[in-house]
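Chemist: Spelled out, the chains give:
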Amino acid sequence: MLAYLAGVPLLGLAGCDGGRAFSFSGDLLNPNYSVAHRLRDGWRPPPPEGDPGGRRVVIVGGGIAGLAAAWQLSRRGVEDFVVLELEDRPGGTAISGQDGEFRFPWGAHYIPAPMKENRDLVALLEEMDVIVGRTTDGEPVVGEAFLCRDPSERLCVDGRWHYGLYPDQDATESDLRQLERFQQKMIELAHGRDDRGRRLFAIPMATGSDSAKVRALDRQSMAQWMTDNGFDSPRLRWLADYACRDDYGLTLEQTSAWAGLFYFTSRIPAEGTESQPVITWPEGNGRVVRHLAEHCGDRLIGGQTVVKVQNQGEGVRVEAVDNAMLASVAYVADRVIFAAPQFVAPHVVADWNASGRSINSFHYGGWVVANLRLSQRPSERLTEMCWDNVFFDSRSLGYVTSTHQVGLDHGPTVITWYQPLLDDDPRVSRAELMRLDWSDWARVIVSDLRKGHPDIESLIERLEVMRWGHAMIQPRVGFVFGAEREQAAKPIGRVHFAGTDLSGIALLEEAFSRGVSAANAVVQADPKSRA
Amino acid sequence: MIHRAPNYLLYLNVLVIATCGLIYELLAGTLASYLLGDSVTQFSLIIGVYLSALGVGSWISRYVETRVARTFIEVEIALALLGGLSAPILFVAFAHIAWFRILLFGSVFAIGILVGLELPLLMRILRDHLDFRELVARVLTFDYVGALVASILFPILLVPRLGLVRTSLLFGLLNAVVGLWGTYLLRPLLSQRGLAGLRGRAFLVMGILVVCFIKADTLTLWTEEAILQTPIVYTKQSPFQRIVVTEDRGAFQLHLNGHLQFNSRDEYRYHEALVHPAMTAMVDPRRILVLGGGDGLAVREILRYPSVESVTLVDLDPAMTGLADAFPPLAELSGHALSDPRVTVINRDAFVWIDESDQTFDAVIVDFPDPGSYSVGKLYTTRFFNLLRQRLSDQAVISVQCTSPLVAPQSYWCILNTLRAAGYDALPYHAAVPTFGVWGFALASTRPLKLSADGGPELASALPQGLRFLNRSNLASLFQLPVDVQPVETLPNRLNDQVLVRYYDQEWRSGG
Chain A
1 MLAYLAGVPL LGLAGCDGGR AFSFSGDLLN PNYSVAHRLR DGWRPPPPEG DPGGRRVVIV
61 GGGIAGLAAA WQLSRRGVED FVVLELEDRP GGTAISGQDG EFRFPWGAHY IPAPMKENRD
121 LVALLEEMDV IVGRTTDGEP VVGEAFLCRD PSERLCVDGR WHYGLYPDQD ATESDLRQLE
181 RFQQKMIELA HGRDDRGRRL FAIPMATGSD SAKVRALDRQ SMAQWMTDNG FDSPRLRWLA
241 DYACRDDYGL TLEQTSAWAG LFYFTSRIPA EGTESQPVIT WPEGNGRVVR HLAEHCGDRL
301 IGGQTVVKVQ NQGEGVRVEA VDNAMLASVA YVADRVIFAA PQFVAPHVVA DWNASGRSIN
361 SFHYGGWVVA NLRLSQRPSE RLTEMCWDNV FFDSRSLGYV TSTHQVGLDH GPTVITWYQP
421 LLDDDPRVSR AELMRLDWSD WARVIVSDLR KGHPDIESLI ERLEVMRWGH AMIQPRVGFV
481 FGAEREQAAK PIGRVHFAGT DLSGIALLEE AFSRGVSAAN AVVQADPKSR A
Chain B
1 MIHRAPNYLL YLNVLVIATC GLIYELLAGT LASYLLGDSV TQFSLIIGVY LSALGVGSWI
61 SRYVETRVAR TFIEVEIALA LLGGLSAPIL FVAFAHIAWF RILLFGSVFA IGILVGLELP
121 LLMRILRDHL DFRELVARVL TFDYVGALVA SILFPILLVP RLGLVRTSLL FGLLNAVVGL
181 WGTYLLRPLL SQRGLAGLRG RAFLVMGILV VCFIKADTLT LWTEEAILQT PIVYTKQSPF
241 QRIVVTEDRG AFQLHLNGHL QFNSRDEYRY HEALVHPAMT AMVDPRRILV LGGGDGLAVR
301 EILRYPSVES VTLVDLDPAM TGLADAFPPL AELSGHALSD PRVTVINRDA FVWIDESDQT
361 FDAVIVDFPD PGSYSVGKLY TTRFFNLLRQ RLSDQAVISV QCTSPLVAPQ SYWCILNTLR
421 AAGYDALPYH AAVPTFGVWG FALASTRPLK LSADGGPELA SALPQGLRFL NRSNLASLFQ
481 LPVDVQPVET LPNRLNDQVL VRYYDQEWRS GG
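Sequence order for the protein chains is A and B.
Counting from 1, position 227 in the first sequence corresponds to residue 227 in the working numbering; the numbering is continuous, with no gaps.
Counting from 1, position 113 in the second sequence corresponds to residue 113 in the working numbering; the numbering is continuous, with no gaps.
Keep in mind that the hints were calculated from the coordinates and are not lab data.
Any given hint might turn out to be false.
Said to hold, decoys possible - Okay, the calculated bits of chain A under chain B, using three or more residues with CB under 8 Å as the criterion: (1) 139 to 149; (2) 400 to 412.
Claimed, not checked - Incomplete in silico selection of chain A near chain B, CB under 10 Å: (3) 152; (4) 158; (5) 277; (6) 385; (7) 386.
Ideal Cβ placement from N, Cα and C applies to all residues, glycine included.
Build the full structure now, drawing on both the sequences and the hints.
Modeler: This is the structure:
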């Protein structure tokens, strides 16, 4: 036993410097960029063969915005459309995965219950039987099965879990006073109206105010706004910073005060004081994707890299490469809804450069999302596992539990861990994403989870890591009310734009609304075009 | 003889001693932060107390004038016992005593004194064999190397692999080994008298530590036994809960996670009250669903009705539905109900099963544990009762165990109000169960429930033979609420806002 003791530290020392093997395995995943990178490196697809397919509308991109556009076109009586999606499966950053009986998100995973003013989203959720009725004053009633189950969230500070996200351990009276004053201030801002009667912050954001007072908020950081308003409690600032990292992938210092305040105020009803409850599914917003994709049927074509969109006389020519065949396909459409991110547009939309636009202020943050299959739940002492489980002293956002909403509280599960990369220059983040391998991320993730679950490593059966290079548009200071964003939403000829980045914030509600608006614009532009 | 022992063995001794010493300090600091929170304060206090105790120990060493080697071995054995058992004792004590901090710092101080004694004594033992310069250099070197070993091993290997309790026991064992080995290594310095006793004690301490090391998992059991104060006759830790059966004055009691579920002496009162109001509310109930109730005692009552064709019992835990096999007195008490060919046992979370199933039932007996956690509270939500409606035949009646209306009135009425919010007609009723006191139930149906002239529910079928608690007239009396059990206004328990769990926690913590 003594020899054992003498020998061990040497082994320990030799073994602890990074080369440690894990007892579980998994894959390192990323969105499909192979064709895009081939194009970048000079490869040119063969010219399309045969006559181009004629469509009334071609939708480029099968994320929420593109799928919403398709859904809205149908509602307006336009059925002659096709959705071209780069990936094999639709959804963009709202995709989800499945492993046996478990469904889990790979990105966006909840929607705050919409208020009645958000008519289109309410209609969609009614169609999905998620909204099951109306209150006497017309507000939607969400089915109990879809509202995030109690207990919804908890925070781990110094290895101890507490319900709720505010770090209230040892909070001073001044901390708590500031928290209360902050909440009051948010309610005040939520109830505020500009001189045209618009909410200061509304969802979709385009229906909110753009008065000078509101625009001014976009010119300072959330950190500055909090300082200016006397909110210096470290606990409160942590909470606000967490909110910015969670919703925008930015720190308090990087986030525009408009966006920071939007987060806290836009979900408070005009008459109420509480934020709207949260709608979620085991697979996150993948459920919405599935519903919208089913509606498209075979009009949704995956594995298509759109390489060219060109206005031509009375129509638009669209060329795509079939990722599997590396063969080209061409379409001629009356109109195109370009529902891919803006950073793709200059490379694909032929008239983009001539339109005099720029997108220098469009920054997209890198994210890492991991799904971990656990053989058992970690042992718990002070709380039960929640839907959202957050670590106080961490760069990660913690994890959500996929089985929480199903009601399974025992046995194996899949948890989804999130971390935005917070570099000031997102290109640095993307370089980091490409540089680190699976075991690097496994080490980061395991040591993060260990803060709240000392036994986690022995429970992991599989760990899959998704690297999102351009996960989210970032509402940095000055972007949301900058000229570039407002310009980007305008059509170029018969090419209309959709996408959450046009709103400056990455939210399902915004993507959905942009898709619906683009569809409406297309229908209104040529109401009597061939059906 | 000591000069014949290779020197490195002596230094290995120092190394082990030093490692053990630092491990105890790290254990105490980790445990204190783990249990009390605020790691900066805990570590800082523990280190301070420990270091000062080292000084005290060193000072005390000057009073050891004779029999230095023997004292050294005594110190090792004492340290083995005290240090080795420190983590398990502190874990157990945390749950039970108000003055945990005093015990914590007391044990850290005591361990510190013993560790402080070690090196001065050892150096005095060795001083005749080495010159002073060499002695100090070597002993202190190995002392500090030991500290390094401990600080590296502790986070990398010990805590993740062994856990705090087993780490503590392992290093106690090492101290004991050093002590025992010392009786051979330092044999020339020891008198024959008492040598066997010394070795005997070393072996005894090692034995205790080894047993604890093997039994570390059942540590929680001892703490439970301390609370229960009755002999434990059966125990099993399932993935879902800890099942404990105790025996007291010829009867046995089932505890799940430390909560008493029934006492075989008076459980018939509870189960007759739970089952028969629902079963007699319709003519010839045929298909019956039992949710929870894996002990089979509710099924025993159901099987008294000849009309029953099938009983489906859904209970999360196979260890619970298998308890009658593992613990025969329960099989006897339940009349071997779960072995009846009419009974089907399904081990699934009822919340998930109720949505997956497509069967319908004439009567449902809901016998879940009390809503003391969110994972149980979900089974008392409007969502769950709405899902349950889909499993009911047109005339179906359900009964629900609803905790004590006397101890936890808000919880009790919250369950009634939740049933009503989910569209049920619900009648409150109660029964006296000596082990629990006044217990509350709900009789509910999606059709209106009528009361008969005697104030009880309308009976469509007669009560079966062989009941010990209920007859026609006192069944009605269960539905007469005493003055101290009157309706309270509460919110309904919703899946996204489980007020019931918070009511329950509040009421049982203050009143239970």
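Chemist: Decide, hint by hint, whether the structure agrees.
Modeler: Results for each hint:
{"no.": "1", "hint": "139 to 149", "in the structure": "holds (count 5)"}
{"no.": "2", "hint": "400 to 412", "in the structure": "holds (count 6)"}
{"no.": "3", "hint": "152", "in the structure": "holds (8 Å)"}
{"no.": "4", "hint": "158", "in the structure": "holds (6 Å)"}
{"no.": "5", "hint": "277", "in the structure": "holds (6 Å)"}
{"no.": "6", "hint": "385", "in the structure": "holds (9 Å)"}
{"no.": "7", "hint": "386", "in the structure": "holds (9 Å)"}
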